[in-house]
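Student: Take the given structure of chain A and dock chain B to it, following the hints.
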Amino acid sequence: MADYKLMKGNEVIAEAAIRCGCDGYFGYPITPQSEVMETLMLKKPWEDTGMVVLQAESEVAAINMVYGGAGCGKKVMTSSSSPGISLKQEGITYIAGAELPCLIVNVVRGGPGLGTIQPAQSDYFQAVKGGGHGDYHLIVLAPASVQEMNDFVGLGFDLAFKYLNPVMILSDGVIGQMMEKVKLSEVKPRWTEAEIKKMSGSWATTGKTADRDYNVITSLELDSAKQEQFNHKLIAKYNTIKENEVRYEMIDCEDAEYIIVAYGSSSRISQKAITLCREKGYKVGLLRPITLYPYPTKIIQELATRVKGFLSVEMSAGQMVEDVRLAVNGKVPVEHYGRLGGMIPTPNEVVKAIEEKIINVK
Amino acid sequence: MEVKDIIKPENLVYKKPSLLTDNVTHYCPGCSHGVVHKLVAEVIEEMGIQEKTIAVSPVGCAVLAYNYISVDWQEAAHGRAPAVATAIKRLMPEKYVFTYQGDGDLASIGAAEIIHACNRGENIVVIFINNAIYGMTGGQMAPTTLVGMKTATSPYGRDVKLNGHPLKITELIAQLPGTEFVTRQAVHTPAAVRKCKRAILKAFQNVGKNTGTQFVEVVSTCNSGWKLSPVKSNEWMVENMFPFYPLGDLKG
Numbered sequence: 000m001a002d003y004k005l006m007k008g009n010e011v012i013a014e015a016a017i018r019c020g021c022d023g024y025f026g027y028p029i030t031p032q033s034e035v036m037e038t039l040m041l042k043k044p045w046e047d048t049g050m051v052v053l054q055a056e057s058e059v060a061a062i063n064m065v066y067g068g069a070g071c072g073k074k075v076m077t078s079s080s081s082p083g084i085s086l087k088q089e090g091i092t093y094i095a096g097a098e099l100p101c102l103i104v105n106v107v108r109g110g111p112g113l114g115t116i117q118p119a120q121s122d123y124f125q126a127v128k129g130g131g132h133g134d135y136h137l138i139v140l141a142p143a144s145v146q147e148m149n150d151f152v153g154l155g156f157d158l159a160f161k162y163l164n165p166v167m168i169l170s171d172g173v174i175g176q177m178m179e180k181v182k183l184s185e186v187k188p189r190w191t192e193a194e195i196k197k198m199s200g201s202w203a204t205t206g207k208t209a210d211r212d213y214n215v216i217t218s219l220e221l222d223s224a225k226q227e228q229f230n231h232k233l234i235a236k237y238n239t240i241k242e243n244e245v246r247y248e249m250i251d252c253e254d255a256e257y258i259i260v261a262y263g264s265s266s267r268i269s270q271k272a273i274t275l276c277r278e279k280g281y282k283v284g285l286l287r288p289i290t291l292y293p294y295p296t297k298i299i300q301e302l303a304t305r306v307k308g309f310l311s312v313e314m315s316a317g318q319m320v321e322d323v324r325l326a327v328n329g330k331v332p333v334e335h336y337g338r339l340g341g342m343i344p345t346p347n348e349v350v351k352a353i354e355e356k357i358i359n360v361k
Numbered sequence: 000m001e002v003k004d005i006i007k008p009e010n011l012v013y014k015k016p017s018l019l020t021d022n023v024t025h026y027c028p029g030c031s032h033g034v035v036h037k038l039v040a041e042v043i044e045e046m047g048i049q050e051k052t053i054a055v056s057p058v059g060c061a062v063l064a065y066n067y068i069s070v071d072w073q074e075a076a077h078g079r080a081p082a083v084a085t086a087i088k089r090l091m092p093e094k095y096v097f098t099y100q101g102d103g104d105l106a107s108i109g110a111a112e113i114i115h116a117c118n119r120g121e122n123i124v125v126i127f128i129n130n131a132i133y134g135m136t137g138g139q140m141a142p143t144t145l146v147g148m149k150t151a152t153s154p155y156g157r158d159v160k161l162n163g164h165p166l167k168i169t170e171l172i173a174q175l176p177g178t179e180f181v182t183r184q185a186v187h188t189p190a191a192v193r194k195c196k197r198a199i200l201k202a203f204q205n206v207g208k209n210t211g212t213q214f215v216e217v218v219s220t221c222n223s224g225w226k227l228s229p230v231k232s233n234e235w236m237v238e239n240m241f242p243f244y245p246l247g248d249l250k251g
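In the order they appear, the protein sequences are chains A and B. In case it helps, numbering that gives the first Met the number 0 puts the first sequence at residues 0 to 361. In case it helps, numbering that gives the first Met the number 0 puts the second sequence at residues 0 to 251.
The following block holds chain A by itself, in its conformation from the complex (with noise of 0.2 Å):
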């Protein structure tokens, strides 16, 4: 029987945790994302399964918990909003660079610095293109309803394990906030020792014995060399990211004529927005990223030689654009449209603004 709740999307992000067999939680308040840790207390999973939750003194400190939850093979998560995650990105560069396997969840507000806390999508190349220092990238999750807030809190971690990577969700202050009827996960259990010893004993913290040589987690290579070589396999993994792991969805596409591309909440946005162009006699579909990294490339190239112009809809200055133009390369018009510091567009903005920047441009 399976489970149907109504919830909000950051409700569901704690309750998928505690049902996908999550370890531990590391968090700190920020608005609009506040309620995955309050859910967490409330439904108290260390009385139940031996989940971990603990709120952290910044959100530096909760990252910084998650690469050592990580670096013990344990399933370990954080969430937070905008200004967090820029706190956080210190840690998130070593979790990388150390290969360990998380998922951190932000639901983004509207920036620059303390912004606003209304939603927004201005986050996006601080999550695709990587966000702190060094060459590193997080395999990037867009949920655009509260049933994909669900589905990928365990997608997230089979990623971040499958691959040893980090896993963002990124979603927005719309998606965390919005109740949606959402069908729960199956209950995991947490893995046990000998699991984590057989899936990630070659590398986890779990304390040497005497079958193996002591383990250590770090980032840190003197030896430029080697430092090369290292940073030479984190693209190989990349590649193969790209090759196996690229998520989107189709909407109206067969026959289009336009393509308007969005992720997240402007993606709804966007369907409604197409099918009243629709009703206008435009033939318009919608390509939804399901990934944000990797990014679907390749089937925005194939639409790029069959269709007449594409339409990033995005709440932020113009940031996935970039991504659809080079993908594009070029043969087509690409144009960007969005609402900016908390404000949302309705879908008769973007038909308006897809009438003047692509179809009506002579």
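Calculated from the structure, these hints are not laboratory results. Do not take every clue at face value.
If you want the footprint, here are the derived chain A segments under chain B, 3+ residues with CB under 8 Å [to be verified]: (1) 18–32; (2) 67–77; (3) 80–93.
Under the rule of at most 27 Å between Cα atoms (straight-line distance), these lysine-lysine pairs were calculated in the DSSO-like manner [to be verified]: (4) A:Lys241 x A:Lys297; (5) A:Lys351 x A:Lys271; (6) B:Lys51 x A:Lys197; (7) B:Lys51 x A:Lys207; (8) B:Lys250 x A:Lys196; (9) B:Lys208 x A:Lys196; (10) A:Lys197 x A:Lys42; (11) A:Lys43 x B:Lys208; (12) A:Lys207 x B:Lys196; (13) B:Lys167 x A:Lys207; (14) A:Lys207 x B:Lys14; (15) B:Lys208 x A:Lys207; (16) B:Lys201 x A:Lys207; (17) B:Lys3 x B:Lys15; (18) A:Lys207 x B:Lys15; (19) B:Lys231 x B:Lys201; (20) B:Lys167 x B:Lys250.
Since we're looking at a predicted model, the values are computed, not measured. Heads up, the beta-carbon is just placed ideally off N, CA and C, and yes, glycines get one too.
Tutor: Quick look at chain B alone, frame taken from chain A:
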């Protein structure tokens, strides 16, 4: 009698702890780190807890501590070792978890992490090497640098108006209810080394009972940073460091 005839178990009066690896350390001759590493290795070996010990190294001279002691290690970002150790211990409560941090790491950039870990009473051991200077980056002023002490970033001596007072972080930590045992030691004489070892042993024995944070400061020398010979460094430490950082147990 030849040398080989003397080398037999019954004649053994001193040996390298089995947990110390054969790697040549990068520490300067005369540095206190080597001695403290040895003491930590001895305590873990004598308690038979190698399989249960997870260590966290800092950023600073001891960043490469994981090359020298044969236990599982995590190398933390600068100052964050107490946060890293917090998660390790909470996720694996049966383990012995310790951080090994210098004064820049613990008392400056990681001040928040150490205060809050100690305040939560995390069941970890903290080994705090205080040599009043940033050794690894080339002898810059530390939060524990004494007033008037010359460093690369206080070339005319630490000026209180410019730089504030040296931070007695251990006194501060002793105030926190989460800490059980807080002590200040040194390793400049054989007697001090033996005493320091007893303190580290106590800290590890205590932490096995999960009754709070165990904090061992070791007032240390940095002859390269201080630009003194090892012997002179010890003398300078006794004359200048000990009056400001007096040795002994602060708590427990």
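Student: Hint by hint, which ones does this structure get wrong, listed from lowest number up?
Tutor: 8, 10, 13, 19
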